[in-house]
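100 is the number of the first residue of the sequence shown in our numbering; add one for each residue after it.
Think of the hints as simulated: they come from the structure by calculation, not from any bench.
Do not rely on the hints blindly, as some may be mistaken.
[As the list claims (entries may be wrong)] Okay, the calculated beta carbon distance ranges per label pair:
1. Gln124 x Arg174: 29 to 39 Å
2. Gly171 x Pro140: 35 to 45 Å
3. Leu141 x Trp183: 22 to 32 Å
We put the CB at the ideal spot given by N, CA and C, even for glycine.
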Amino acid sequence: MDPMAASVEEIGAAAPQPLGLHAVQHLGELRSTFESGRTRPLAWRQSQLRGLLRLLAEKEEEAFRALHDDLGKHRAEAYRDEVWAPLVAFPANAQVVPEPLGVVLIFSCWNFPLGLSLEPLIGAIAAGNAVVLKPSELAPATAKFLEDNIGDYMDATAVKVIQGAPRSGSSSWSTDGTRSSSPVKFN
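Could you build all of it, start to finish, from the sequences and the hints given here?
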């Protein structure tokens, strides 16, 4: 990691914690939202994508600052690799799939923490799914940016950003919040 990149403590982000009951509660809310049919109408999907565009337009400086803090990325590099690349998909055509999957879990990686969070988020929302987004704990400023802002620009009952330590992504959850040997089914 770039020596200019800030530590978790320097940016004021909480140290990654294992996922617990709050993650299970989020999952329950996401399932309820999806099962209610709220995410299916085209108008809802379009409004969520417009919200994501507004987030990028209105919070651009914060996003660039988070990417610089995490990875030492220059503004031009951040725009090219993280902001512009996901937006290329917006004017595209897509094949209509009759049914969304349900609740989709997206893990993003540390080296392109914004772009590789937004690209699959765009696809999942466009398809009518509810989404759990787990940003990389190795890009804490970007993870905090996403957690602090996604719910203000998108339907907070259908898109949740969760943070946690590396084990939280690989651990299994049960519906009552306890550890389970069998993974929770997301769809």
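Checked against the structure, which of the hints given earlier come out wrong?
Every hint satisfied by this model.
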